[in-house]
Amino acid sequence: MCGEKLQRFLMALVLLVAFYFMSIGSIIGVVLQLFVVFMIVVWAITDFCPSIWIFNKLFGKCENK
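Under my numbering, the residue at position 26 of the sequence shown is numbered 593, and the numbers go up by one with no gaps.
Cβ-Cβ distance ranges computed for the label pairs, FRET-style:
#1 K572 with A611: 16 to 24 Å
#2 C569 with I595: 23 to 31 Å
#3 W620 with L580: 15 to 23 Å
#4 E630 with M589: 34 to 42 Å
#5 A579 with V609: 13 to 21 Å
#6 I621 with G592: 30 to 38 Å
#7 G627 with V581: 17 to 25 Å
#8 S590 with G627: 30 to 38 Å
Calculated directly from the structure, the hints in this document are not laboratory data. Note that the structure is predicted; figures quoted are calculated from it, not measured. Glycine included, every Cβ here is placed at the ideal spot set by N, Cα and C.
Can you build the whole structure from these sequences, using the hints too?
In structure tokens, the structure reads:
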């Protein structure tokens with residue numbers, strides 16, 4: 568699996584966990600969701616995502632089809 572796909576799965580998993588915590592009334596869910604939103608805004612502004620950079624180093628980049 569390549570870095571970009573792994574990052575998308577990780578983001579989906581973190582959002583799923585955040586929604587679970589929000590459903591049981593925990594503030595942790597809100598904090599996790601705000602963290603994901605903040606990282607997406609950083610990615611949009613700077614065109615740099617730290618998790619994609621790390622995953623590409625560890626697992627390699629996706630091949631262009």
